[in-house]
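**Q** The primary structure of each chain is shown beneath.
Number of protein chains: 2
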Amino acid sequence: MKLLLLFFLIATSTISVSASNIPNQIHPLRPQSGAAGHRIPGINCLSWRLAVETDNIRDWDVVPATCENYVGHYMLGHQYRKDCDAAAAAAYEYAKSLKLKGDGKDAWVFDIDETSLSNLPYYALPENAFGAKEYNETSFQEWELKGIAPPVPATLYLYKNLLRLGYKIVFLSGKKENLRAITEKNMKNSGYHTWEKLILKQSDDSGLTALAYKSKRRTALVKAGYRILGNMGDQWSDILGLNVGNRTFKLPNPMFYIA
Amino acid sequence: MKLLLLFFLIATSTISVSASNIPNQIHPLRPQSGAAGHRIPGINCLSWRLAVETDNIRDWDVVPATCENYVGHYMLGHQYRKDCDAAAAAAYEYAKSLKLKGDGKDAWVFDIDETSLSNLPYYALPENAFGAKEYNETSFQEWELKGIAPPVPATLYLYKNLLRLGYKIVFLSGKKENLRAITEKNMKNSGYHTWEKLILKQSDDSGLTALAYKSKRRTALVKAGYRILGNMGDQWSDILGLNVGNRTFKLPNPMFYIA
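Residue numbers (full-length UniProt numbering), protein chains in the order written: chain A, 1 to 259; chain B, 1 to 259.
It is worth saying that the hints were derived from the structure and are not from the lab. Be a bit skeptical, because a hint or two may be false.
[To be verified] Under the rule of at most 25 Å between Cα atoms (straight-line distance), these lysine to any residue pairs were calculated in the SDA-like manner:
{"id": "1", "chain 1": "B", "residue 1": "Lys-216", "chain 2": "B", "residue 2": "Pro-150"}
{"id": "2", "chain 1": "B", "residue 1": "Lys-223", "chain 2": "A", "residue 2": "Asn-246"}
{"id": "3", "chain 1": "B", "residue 1": "Lys-216", "chain 2": "A", "residue 2": "Asn-246"}
{"id": "4", "chain 1": "A", "residue 1": "Lys-105", "chain 2": "A", "residue 2": "Ser-215"}
{"id": "5", "chain 1": "A", "residue 1": "Lys-216", "chain 2": "B", "residue 2": "Leu-240"}
{"id": "6", "chain 1": "B", "residue 1": "Lys-216", "chain 2": "A", "residue 2": "Asn-243"}
[Unchecked claim] Each pair of labels, with its calculated beta carbon distance range:
{"id": "7", "chain 1": "B", "residue 1": "Thr-219", "chain 2": "A", "residue 2": "Glu-177", "range": "38 to 46 Å"}
{"id": "8", "chain 1": "A", "residue 1": "Tyr-135", "chain 2": "B", "residue 2": "Asn-161", "range": "26 to 34 Å"}
{"id": "9", "chain 1": "B", "residue 1": "Ser-97", "chain 2": "A", "residue 2": "Ser-139", "range": "25 to 33 Å"}
{"id": "10", "chain 1": "B", "residue 1": "Thr-209", "chain 2": "A", "residue 2": "Asn-178", "range": "44 to 52 Å"}
[Unchecked claim] Derived contacts from chain B toward chain A, CB cut-off under 8 Å, selection only:
{"id": "11", "residue": "Trp-48"}
{"id": "12", "residue": "Glu-53"}
{"id": "13", "residue": "Gln-79"}
{"id": "14", "residue": "Asp-103"}
Backbone N, C-alpha and C fix where the C-beta goes; we use that ideal spot for every residue, glycine too.
Produce the complete structure using the sequences and hints provided.
**A** Given below as structure tokens:
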């Protein structure tokens, strides 16, 4: 009888192992319930998003079709806002812990799209489906030319506090120079009233990846005597590379990837 | 009447703005429901975890008390396992896309604790509370000396596939050299039967941060002719610094932070 029970236990444990395609239980007492998040067959959208946010998945093209609804709910719901708030709160805690020199060279770098301004009204359109549809450069440029992108609230909140603390704000964007007028108007209308520099892509930057372009511009800032004390962006290409700054802050963006 | 309605709308919108402490709506049509995750007053534990995983929050000491249950459920439930699987799957997709030289120098670096081996049975003990209690070096060393840490299933799966593809595996750990015998025994018992190198901390490394120590060891690998094609760890100090490798993969760890 004991032998039968033992056989039964071995048989069931073998089945559960082969079913999950992983060879060992991580924790012998691990319950099979109580996890966060729901399960979607094939891709687990929470895991996909975490892998994107930690730069494990790179050079991805569109949001997986099975995750379109998940990403939509995330972006329009509380969690995206809360996640941005947490990033901004961590940045603010850090920013106010520093003693600034006050010589006009204490710089903080912000990206623009999906960091300072939100293109969510555009990405929420059915034809864009929160990034689950192929990127349409023409329609995105039409949207950009409207200059009506709202601010990312957490970033605006951080921006205002950084100004108050005496930081010099540098906006470093992959937008092209020909969008300067509309971008500056959009920024001011959204509450970003002042800045030290607003750097846009020049014609001789066109061959560079975002990572190389932003590294080049930050290096120029450092050569001009700025100390980049903080740097916030929604893409890893905003905060990796050269002269990234003393601390970097990653805002969430599960809608698109820029190398 | 219309004026009254207008006044009412302005009043309510003002209230909602001051309540959330952020000045603008990110999306005028954003519904107030449909978000992922539950809300915990003060700290949003999902946001805290994301901020930790994206290296926005650094040098943290213990898991916030209000997030102990959240982290416990996460670690013992499906989601931690799924998140590890997604990281390993991304790593495997990348690993098999490369054409190896096959000269014995195609290297893949793995951290050990919470990457190759899991200390979850230790951290799940009430006195450790998934990292919500202060780190106890004495009791952790007692646990280490038992040498019974199970593998992280996703990493073992990746490890086996990397071996099959021809990668040379380097384990690079912050464990000290005096733990070599028990660590090697634990690794073998957990399914990691072979490796190119298993690097442990030497006495002259004791003053270094994990980031500096691991940078130093990886630099030595590169000088010895190894090409670090991939690098996986649960801490940012495993995958930032010098010679991090062509691609890095971050496994989740909301239980502790190592600089």
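**Q** What are the numbers of the hints that this structure violates, sorted from low to high?
**A** Of the numbered hints, 1, 2, 14 do not hold.
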